[in-house]
Amino acid sequence: MIVAFVNELGELAVFTARILSALLRPPFRGRLFVDEIYKLGVLSLVIICVSGFAVGMVLALQGYNTLVRFGAEQSLGAVLGLSLIRELGPVLTALLATGRAGSATAAEIGTMVATEQLDGLRMMSIDPVDYVVAPKAVAMVLVMPLLAALFISCGIFGGYVIGVKLMGVDAGNFLTSLEGAVDFHADVLGSFVKVIVFGVLIGLISTFRGFTSAPTSAGVSFATTSTVVVGSVSVLIFDYVITALWGV
Amino acid sequence: MAMPETDREPELHVALEHVLVCFGTREVLRDLSCGFRKSRISVILGGSGSGKSTLLKVIAGLVRPRKGRVLVAGEDLVRLPERQLYEVRKRIGMMFQNGALLDSMNVFDNLALPLREHRKLTPEEIATEVHERLEAVGLTNVDHLLPGQLSGGMVKRVALARAIIARPEILLCDEPFSGLDPVSTKRIEALLKTINRRYGMTTIVVSHHIPTTMRMAEHVLALLPDGQVEGTPEELRASRDPRVVNFLNEDAGDTPGLADEVEVLPTAGTATRRMG
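One line per chain: the protein sequences are A and B, in this order. Per my numbering: the first sequence = residues 2 to 249. Per my numbering: the second sequence = residues 5 to 280.
Be aware that a few hints might be false.
[Claimed, not checked] Here's a subset of chain A near chain B, in silico, CB distances under 7 Å, partners left out:
(1) Glu117
(2) Gln118
(3) Met124
(4) Ser126
[Claimed, not checked] Have a look at the derived ranges for each label pair, beta carbon to beta carbon:
(5) B:Gly142 to A:Thr213: 36 to 44 Å
(6) B:Gly142 to A:Val194: 30 to 38 Å
(7) B:Asp185 to A:Ser22: 40 to 48 Å
(8) A:Ser227 to B:Thr29: 18 to 26 Å
Please keep in mind that the hints were generated in silico from the structure rather than gathered at the bench. As the structure is a computational prediction, the values presented were derived from the model and not from experiment. Note that CB positions come from ideal geometry on N, CA and C, so glycine has one too.
Just need the whole structure built from these sequences, with the hints factored in.
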């Protein structure tokens with residue numbers, strides 16, 4: 002089992018090198034890249050906005066009920082902002098992206114393997130890593146910060162609606178405590194680093210799983226499932242590592 | 005004394021020498037040596053699981069043998085790194101069994117893709133080339149259809165058009181007649197012959213459809229359970245090698261009209277590893 006794990010890590014390293022090599026070598030496929038941004042980013046907007054809003058509302062409710070015991074309910078904005086920016090925003094966005102965009106990527110590439118479309122590209126002297134994999138992997142890295150920013154914004158808005166409009170927290174206090182608690186370098190940039198790392202993880206895992214899937218329907222199914230499982234677990238493990246190392 | 009040009013056999017365009025292909029521990033092709041001559045139509049016959057499609061993928065460089073040499077136009081594919089294989093593949097067109105058309109693209113873009121990638125043509129020139137190939141396979145007004153909107157026969161014809169879009173020297177066809185009705189089968193057969201004559205491509209077809217094979221092939225390679233046999237269709241028909249007779253009889257059982265043909269085969273000659 003350990004040998005198989007190390008072997009797979011080695012294959013993933015070679016696969017990553019091929020993607021990097023494809024990115025540095027012309028032709029640069031701008032159109033394909035924009036298509037992937039649309040598929041991975043734009044088509045994820047609804048789920049990200051709705052989830053972010055819902056998480057913000059729950060956080061505001063739970064946070065208010067706890068803070069009010071200590072008479073600190075006016076700090077709700079700070080609690081909400083820090084939780085979302087430092088932890089929940091990047092992690093939940095990554096988990097949602099793994100479930101929606103990552104699984105779709107693995108299934109699409111896996112289906113192309115099963116239906117010999119990748120072999121068809123090879124026979125046209127087009128490297129599938131250049132043409133199919135690299136645009137998807139890079140698009141995932143680029144859309145992740147944007148999706149996380151949107152998730153956090155919707156979360157703060159959801160928290161504002163519940164905290165200010167429903168629970169009666171003063172709007173000025175809510176926004177002031179939020180602004181005062183969040184530090185751009187420590188919190189926002191740290192969050193940015195996290196989502197970039199998560200984007201790299203999801204992009205690599207989903208494309209690798211699809212690319213190396215068995216050319217059968219069971220193979221596509223396994224690639225999709227394992228993308229979600231391995232992607233989610235990797236995100237949580239790397240979240241701990243980044244938090245422990247850099248205190249983000 | 006040198007033979008006159010017209011009597012000479014064309015040179016070997018594709019040659020395999022002692023090729024061993026394994027999937028895991030299973031040997032799919034063992035010590036296979038064979039050759040395919042330039043501009044000829046060769047058909048690879050064999051039962052299910054005999055390694056026909058694998059052999060085609062070996063010639064295309066999609067499957068690397070564990071041992072042996074695969075010479076395509078003088079280049080040994082086994083020794084070439086992946087990047088250089090792409091250069092050799094520019095000389096090969098392949099029609100896949102299920103078409104392998106990119107399902108996110110319409111018919112026009114599927115055919116135009118290799119031209120856009122490798123040749124500096126204007127959009128008008130690309131459109132001309134694409135429509136010429138589509139007409140060559142008997143298709144018009146299908147530019148904007150997606151592969152999912154095509155019938156089985158149309159998928160095969162679009163796949164054939166894409167395989168010949170860059171005017172390759174070698175055309176590989178994997179089961180071009182499978183899943184087709186008799187009319188579509190004859191149409192594809194006629195297309196392959198026409199394309200072979202018009203463009204002079206070395207054509208290698210994998211099939212288990214014996215009547216079609218016997219009509220169109222100039223050279224047949226039969227992959228049988230205990231070795232391969234090759235020769236012209238006439239030589240195979242005349243063979244008294246029990247392996248060949250059994251194979252033709254077994255397949256003839258599924259094909260009305262062929263059983264009689266096999267029973268009255270000439271009895272002279274014995275099948276050998278190399279009959280032609």
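Compare the structure with the hints numbered earlier in the document and write down the numbers of the violated ones, lowest to highest. Number 6 - this is the single hint that the structure violates.
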